[in-house]
Amino acid sequence: MDYGAWASDAGRPIGAGALGVLVDNATGYGLVTARQPGTWTISTEITVDVFPELLGATNLVAESSVDHIDAVGGFATARISDQNGTLVAIGTQRCRWVPFGHTDMNRESSPTPAVPTEGDLRTLLGATLRTDGEDHVLSLTSRHELENPSRIMHGGISITAADVVATAALAVDGMPPLATASLRIGYTRAVMDGDLVEYRAVTKHRGRGLGIVEVTASVAGKTTAIVHIVANPLS
Amino acid sequence: MNHSAVSAGPDLNDPSTPSPILYTGPERLFRVRDISLGETSATVEMDRGDWSSFEGRPIGAGAIGVLVDNVTSYAVVTARQPRTWFVSTEITIDTFPELLSATTLRAEAQVVHGDSIGGFVTATVVDQNEQLVAVATQRARWVPLATLGMTLEPPTIPDLPQGDLLEMLGATLRTDGADTVLSLDSHELLENAQHTMKGGISIAAADVAATAALSVEGMPPLATASLRIGYTRAVLDGNAVEYRAVTKHRGRSLGIVEVTASVAGKTTAVIHIVANPLG
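Top to bottom, those sequences are chains F and Z.
Per this note's numbering, residue 1 is the first one in the first sequence, and the count goes up by one each step.
Per this note's numbering, residue 236 is the first one in the second sequence, and the count goes up by one each step.
Don't take each hint at face value.
Here are some chain F residues pointing at chain Z (derived, C-beta under 10 Å) [unchecked claim]: (1) PRO52; (2) GLU53; (3) GLN83; (4) GLY85; (5) LEU87; (6) THR92; (7) ARG96; (8) GLU147; (9) GLY186; (10) ILE212; (11) GLU214; (12) THR216; (13) THR223; (14) VAL227.
If you're looking for bench data, these hints aren't it; they were derived computationally from the structure.
A virtual CB, placed ideally from N, CA and C, is assigned to each residue, including glycine.
Start from the sequences and build out the full structure, keeping to the hints where you can.
Below, the structure is given as structure tokens:
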């Protein structure tokens, strides 16, 4: 994938979140090759661990390998390198096999609307950000360009959204800036086309050298994903 | 944070000086043995047993917390900068079902990234049949060696308690409304040679608390599949630590629990646990 100025939000660099779709794809395609007969995959967890060199990257290559499979699901790891071959991130995915018919790959796609090509991640996602007491809340409506062929929101999009809201939550006046070092998402429920999703970030710890944020994604009050983010100082 | 143990003697200011190998209380308690070091890697073995359980349920990730902490710590310290040592900021463990029936384990860790701020290590854990049963990582930060108080005496290790993980830790469990709370006092068996609680102990305690929280009558049992811990503050000798498990999601096939560890109301670690059906 190409990495650039779009991998930011309100002027703050967004590393892990910008890799969400890349990691989801690289590990997801790897796992599909290892599926049981008559099954497809659903992601239960994805992780992204990033290194500072990511923020200076222009081109990224992700290579995945399947580490483990059994009758229930599989686990894959992806290594992401920049244009110089430097390791800039590691991603993993744990998936579960589901009956093939469970995932409707043939749903008719809605017409592709104009996709925003300019702007930062919040603009690309079509999201809005607000504060609610001490929490930060990012809201977006799932639509065609955020969805996979089954018209379910792509898992990588939730990674992006969670990182954007967590980064905003950790931006505190008078404190050193922090950038996401690691992100782990657990998916609990699919987000369907047209769903309005709220990503609520709660800061669990904000020191000068470490930040921990939990983001809960929900649709109409029902949890769709829980995301745990750890941030370190920008080097 | 988890201050790893080292002893006085060799010039540890020089990153090429290997870390001294120490077996303190947690290594004895968790049957960790045969620690060996490579240039940028480490290997550690351990024996599982009936102790790797809680109320008759096998505990996977929590029982290998000390193993993973050791192997990744001994590896990451090889990447340190001059005149620094390290503190763990994060440890992760992802387990596979075969772990629950393993008898002996071998963990191998390798540095995959290091810079002026810290290092990152990945590890694999295999069972007695060379089957991969877990993968793990540690992210560490370099800290000035002088700040860690490196003058150490060989620890005197008391007799090991018998029983399951809860009993081994000397912990108690209670409910507080919808939360499950595990309490323990840090003591010699749970600490590294600097008398701070070993990071792997918090992994074990958090997994027991989460397992208890996810044990719901009439629902299929779940076992921890993954655990990620972020360390925010060291736990000192004698500190009373509370691990408060809050269930964020409990379905028939997926559970998510957040555990917050604290001493006197101050957070020492935050742990995110995802559980899947057994088998």
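Hint-by-hint comparison with the structure:
1. PRO52: 6 Å, holds
2. GLU53: 8 Å, holds
3. GLN83: It is violated, given that the least Cβ distance between GLN83 (chain F) and chain Z is near 17 Å, above 10 Å.
4. GLY85: 13 Å, violated
5. LEU87: 6 Å, holds
6. THR92: Given a least distance of 7 Å, the restraint on THR92 (chain F) holds.
7. ARG96: 8 Å, holds
8. GLU147: 22 Å, violated
9. GLY186: 5 Å, holds
10. ILE212: Since chain Z brings a Cβ to about 5 Å from ILE212 (chain F), closer than 10 Å, the hint holds.
11. GLU214: Cβ of GLU214 (chain F) sits 6 Å from chain Z, so the hint holds.
12. THR216: 7 Å, holds
13. THR223: 6 Å, holds
14. VAL227: Where the cut-off is 10 Å and the nearest Cβ of chain Z is about 9 Å from VAL227 (chain F), the hint holds.
Comparing the model with each earlier hint shows violations of hints 3, 4, 8; every other hint is respected.
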